[in-house]
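2 protein chains.
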Amino acid sequence: MATKSEMKRYASLKDRKARAESDLFIAEGRKIVTEGLRSGCPCENVFVRKGYLGGDEEMNRLLSGREMEVLDEQEFRKLSDTRNPQGILGIFDYRNLLVKDLAEDTIIALFDVADPRNMGTIIRSADWFGIREIVIGETCVDLFNDKVVRSTMGSIFHNRFHLASDLSSTLSALKPEYRIVTADIGGADYRKRRIGGKRVFVFSNEARGPSRDILEISDEIVTITGKGRAESLNVSCAAAIIMADIE
Amino acid sequence: MATKSEMKRYASLKDRKARAESDLFIAEGRKIVTEGLRSGCPCENVFVRKGYLGGDEEMNRLLSGREMEVLDEQEFRKLSDTRNPQGILGIFDYRNLLVKDLAEDTIIALFDVADPRNMGTIIRSADWFGIREIVIGETCVDLFNDKVVRSTMGSIFHNRFHLASDLSSTLSALKPEYRIVTADIGGADYRKRRIGGKRVFVFSNEARGPSRDILEISDEIVTITGKGRAESLNVSCAAAIIMADIE
Numbered sequence: 001m002a003t004k005s006e007m008k009r010y011a012s013l014k015d016r017k018a019r020a021e022s023d024l025f026i027a028e029g030r031k032i033v034t035e036g037l038r039s040g041c042p043c044e045n046v047f048v049r050k051g052y053l054g055g056d057e058e059m060n061r062l063l064s065g066r067e068m069e070v071l072d073e074q075e076f077r078k079l080s081d082t083r084n085p086q087g088i089l090g091i092f093d094y095r096n097l098l099v100k101d102l103a104e105d106t107i108i109a110l111f112d113v114a115d116p117r118n119m120g121t122i123i124r125s126a127d128w129f130g131i132r133e134i135v136i137g138e139t140c141v142d143l144f145n146d147k148v149v150r151s152t153m154g155s156i157f158h159n160r161f162h163l164a165s166d167l168s169s170t171l172s173a174l175k176p177e178y179r180i181v182t183a184d185i186g187g188a189d190y191r192k193r194r195i196g197g198k199r200v201f202v203f204s205n206e207a208r209g210p211s212r213d214i215l216e217i218s219d220e221i222v223t224i225t226g227k228g229r230a231e232s233l234n235v236s237c238a239a240a241i242i243m244a245d246i247e
Numbered sequence: 001m002a003t004k005s006e007m008k009r010y011a012s013l014k015d016r017k018a019r020a021e022s023d024l025f026i027a028e029g030r031k032i033v034t035e036g037l038r039s040g041c042p043c044e045n046v047f048v049r050k051g052y053l054g055g056d057e058e059m060n061r062l063l064s065g066r067e068m069e070v071l072d073e074q075e076f077r078k079l080s081d082t083r084n085p086q087g088i089l090g091i092f093d094y095r096n097l098l099v100k101d102l103a104e105d106t107i108i109a110l111f112d113v114a115d116p117r118n119m120g121t122i123i124r125s126a127d128w129f130g131i132r133e134i135v136i137g138e139t140c141v142d143l144f145n146d147k148v149v150r151s152t153m154g155s156i157f158h159n160r161f162h163l164a165s166d167l168s169s170t171l172s173a174l175k176p177e178y179r180i181v182t183a184d185i186g187g188a189d190y191r192k193r194r195i196g197g198k199r200v201f202v203f204s205n206e207a208r209g210p211s212r213d214i215l216e217i218s219d220e221i222v223t224i225t226g227k228g229r230a231e232s233l234n235v236s237c238a239a240a241i242i243m244a245d246i247e
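Those sequence lines, one after another, are chains A and B. The numbering used here applies: residue 1 is where the first sequence begins, and numbers increase by one. The numbering used here applies: residue 1 is where the second sequence begins, and numbers increase by one.
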C-alpha cells in the first residue's frame, strides 16, 4: 500500500518540477501502461480505479506478481489527468529512457516544440519508422508531460531521449560526425536531399521555425512544398512526411 | 448589437444539433477569423473580448465596415471554448463550405475519424497539398466542432466538404469514375500504387480501421510500412504521408 505521503508525492508528478526532482512520471491508460511494463522500464506502482475491469491477458501476465493498488474515484482523480480516465496508470522511473551519448545513424531533434500532442505524435512516428534516438531541445514542452506521454501511445518506452540543455551546442557537438538537416520554409525539396550518411533531422515550432543559430549550424534546409492555401503544415505531419522519406 | 436571444442562440452553437439547425458555427482565434473573413464566407457576427488588442492590418481591413461587438469576459466565455481565448471569434454560415457534387481529380474521404484534432489536421494538410474536396463520413466527429475548426488553422474556409449520410454509398456512387484507394494495414506499399487518374483516398479511424464495406468497395489498399515497434501511426500523420506522395 502506498502511504499517504507517497500518494501526495505521486500526485505532485503532474508538475514538471516534481518530476525532475524524483525522476518519476505518470503514464496513464491501458495501452501505455502495458507498453511500459512490457519494455521493462522500472515501475514503482500501478494504480487502478475501483471497478476497473482489468486488462487483456497480456496485461494480466505483465502485472502478475506485482501489487496493483485499487483507488476510489476521488483518489484516482488526484493522479489522473484525463476527463474520462480508462482507470489505470503507472508510476515509472524515466532514467533509463534517457541517454547522454547519441550513437544511431539517424537522429531526430526537436526545437521549441511547445504543443504536447505534437511532440508525442512525433515520438510515435519516429518509433513507427524505427528512429530510436530523439533530442529534446531545452525550450520544448516537458517530455514527461502527461499529454506528451499519452500521445506517444506507448512509444515513449521504445525510444531513447537526450534532454539538451542547449540544443545548438548539442547539434554543434554532433556536427563532425552528422549532417544537420533542418526542416524550414524556403529550403530545398526534402525529396532531393543528400542520401546516406549519419544525419540529425531537426523539427521546430511550426509558428516560429528554427532559430538563427540552428539555421547556421545546419548543413541542409529542407522544405515540403505546398500547392494550396494553408500557411503551414502541422509539425507532426511535416516530421512524419520527412521521416517516411528517410531511406 | 446582438440581442439577448441571439446571444443565447450563438452560445448554443457549441452543440452539434444547434449548429445543424441553424447552419452556423463558431470560428475562434485571430488566424481563423481572418481566414474566414478573407474567404468571403458569410459572417453573421464578430465578437471580441473587452481589452482585445486588435489584430494586424489585414484583420482591420477585413473588419472595416463590419460591426464588431465587444463582450465582457463572462459573456465572451459563453461563446468561447478555449481555456485561454485569444479574444476574438466569428459566427459563420457554413452552407457555402458544403458541396453536393464532387468534381475534383483527387478527393479525400474520412471514415469514422473521431478525434477532432486529427480531423482538423487532415483538413489543414489537404489544403497544404491543394486537395480541395473532402468527404466526411457519417460516423466522424462533427466537422464544425470547435476543436476541428481550430485545428484546421483556417483551412476549413479553403476546402469544400461533402457530408455523407452513408459513406459506403457515396464511395460506390463515385466508383465508376474514381479509383477508391484506402489506407489500411496489410496493403501494398503506398509508394507503389497506380499513378494518375481520378482517385478518392480514404482514411479511417486509427484504432478500428476501415469497415468491411469500404474495403470491399476499394480498388486498392495502401499501407505505410513501419520498421519500429509502434502499433500504428497517428491517422493525420498517415494521411499527410500519403497526400505528400500524390503526384
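The hints are simulated quantities; they were obtained by calculation from the structure and are not laboratory data. Check the hints yourself; a few may be wrong.
Which copy is meant is left open, so a pair is good if it fits within one copy or across any two.
[Stated by the list, open to error] Derived lysine-lysine pairs resembling DSBU-like cross-links, with alpha carbons at most 30 Å apart:
| hint | residue 1 | residue 2 |
| --- | --- | --- |
| 1 | Lys100 | Lys14 |
| 2 | Lys227 | Lys78 |
| 3 | Lys147 | Lys4 |
| 4 | Lys227 | Lys14 |
| 5 | Lys8 | Lys175 |
| 6 | Lys227 | Lys147 |
This structure is a prediction, so every number in the text was calculated from the model and none was measured.
Going down the list of hints, with the structure as the test:
no. : hint            : in the structure
1   : Lys100 x Lys14  : within (25 Å within a copy, 48 Å between copies)
2   : Lys227 x Lys78  : neither (47 Å within a copy, 37 Å between copies)
3   : Lys147 x Lys4   : within (26 Å within a copy, 38 Å between copies)
4   : Lys227 x Lys14  : neither (42 Å within a copy, 33 Å between copies)
5   : Lys8 x Lys175   : neither (44 Å within a copy, 59 Å between copies)
6   : Lys227 x Lys147 : between (32 Å within a copy, 25 Å between copies)
Hint check: violations occur at hints 2, 4 and 5; the rest are consistent with the structure.
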